[in-house]
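*Asks:* Sequence:
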Amino acid sequence: MNIKLMNKFILFFWCALSCMLHSCKVQFSLNGATIPEFAKTVQIDFFENKTTLGPPTMAPLFSETLRDVVSRQTPLKLIKSNGDLVFEGTISDFQITPVAIQGNDKAAQSRLSITVFVKYSCLKKAQLNFEDRFTRFTDFPATDNFQNRQDELMREVFRQITEDIFNRAFNNW
280 MNIKLMNKFI
290 LFFWCALSCM
300 LHSCKVQFSL
310 NGATIPEFAK
320 TVQIDFFENK
330 TTLGPPTMAP
340 LFSETLRDVV
350 SRQTPLKLIK
360 SNGDLVFEGT
370 ISDFQITPVA
380 IQGNDKAAQS
390 RLSITVFVKY
400 SCLKKAQLNF
410 EDRFTRFTDF
420 PATDNFQNRQ
430 DELMREVFRQ
440 ITEDIFNRAF
450 NNW
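Here my numbering is used: the first residue of the sequence shown is 280, the next is one more, and so on.
Hints may contain errors.
[Stated by the list, open to error] Simulated pairs of lysine to aspartate or glutamate, EDC-like, Cα-Cα distance not exceeding 20 Å: (1) K319 x D372; (2) K359 x D324; (3) K398 x E410; (4) K404 x D363; (5) K356 x E316; (6) K329 x D363; (7) K329 x D430; (8) K319 x D347; (9) K398 x E442; (10) K356 x E343; (11) K398 x D324.
[Said to hold, decoys possible] Derived Cβ-Cβ restraints for the label pairs, each shown as a range: (12) Q426 x D384: 18 to 28 Å; (13) I282 x N361: 58 to 68 Å; (14) T331 x E410: 38 to 48 Å; (15) E442 x L332: 20 to 30 Å; (16) F396 x E316: 26 to 36 Å; (17) N451 x F325: 19 to 29 Å; (18) I380 x T313: 42 to 52 Å; (19) F317 x D384: 56 to 66 Å.
What the hints contain is simulated information worked out from the structure, not anything from laboratory work. Everything numeric in this text was worked out from a predicted model, so none of it was measured. Note that CB positions come from ideal geometry on N, CA and C, so glycine has one too.
Please model the complete structure; the sequences and the hints are all you need to start from.
*Replies:* Rendered as structure tokens:
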């Protein structure tokens, strides 16, 4: 009799445990990104170049870099319109400035700074929405010809900016 009661208890315990675990949904990723449960798609619009000095290749390079980061680090499907999550914005500033002045009043280092304005919309959870400016820079020897290195330098700055945007959108940083 005792064994039958014990078997019923074990059966009840496993049924209850499986029901509880079935109703729990934990979403995690190896990069620490927290994606809203309902989000299956992401829309990343073209980021227009609103700067006066930035090269014409800057806008497509940034837009593709952000798309790359999001598609590599999340399971979200990239679509052109009506995404559950939407990134839009502009490249608003592009500057090259001297940063390390030598004794002869010449710069030893120059700095490329880029600012991107981003509007992030989470259609079903408005409290996750944000609008913000992200600025990053990289330094390079002033003796280098910027034209020869501009794509490499822009890629480095865009890598930093897209990391910041990703962390703000998916890691609440």
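*Asks:* Sort out whether D372 lies within 20 Å of K319, counting only the CA atoms.
*Replies:* violated (32 Å)
*Asks:* Just to be careful, I want the Cα atoms of K404 and D363 compared with a cutoff of 20 Å; is the pair within it?
*Replies:* holds (10 Å)
*Asks:* For K398 and E442, compute the direct alpha-carbon distance and say whether it is at most 20 Å.
*Replies:* At roughly 15 Å apart (the allowed maximum being 20 Å), E442 and K398 satisfy the hint.
*Asks:* Hint says 18 to 28 Å; check whether the CB-CB distance for Q426 and D384 agrees.
*Replies:* Since Q426 and D384 have Cβ atoms about 24 Å apart, the given range 18 to 28 Å holds.
*Asks:* Please verify whether K398 and D324 have alpha carbons no more than 20 Å apart.
*Replies:* Between K398 and D324 the Cα gap is close to 10 Å, so the pair holds against 20 Å.
*Asks:* Between the alpha carbons of K398 and E410, is the straight-line distance 20 Å or under?
*Replies:* holds (4 Å)
*Asks:* Under the criterion that the straight-line Cα-Cα distance not exceed 20 Å, is the pair K319, D347 satisfied?
*Replies:* Given that 20 Å is the threshold and the Cα spacing comes to 16 Å, the pair holds.
*Asks:* Is the straight-line distance between the alpha-carbon of K329 and that of D430 20 Å or less?
*Replies:* holds (18 Å)
*Asks:* Is 56 to 66 Å a correct range for the gap between the Cβ atoms of F317 and D384?
*Replies:* Distance hint for F317, D384 holds at roughly 58 Å.
*Asks:* For the pair we were handed, K356 and E316, check the Cα-Cα distance against 20 Å.
*Replies:* The hint holds at about 14 Å.
*Asks:* Taking the CB of E442 and the CB of L332, does the distance hold inside 20 to 30 Å?
*Replies:* Holds: the Cβ-Cβ distance is about 24 Å, inside 20 to 30 Å.
*Asks:* Confirm or reject the claim that N451 and F325 have a C-beta distance inside 19 to 29 Å.
*Replies:* holds (26 Å)
Violated hints for the displayed structure, listed by number in ascending order: 1, 6 and 14.
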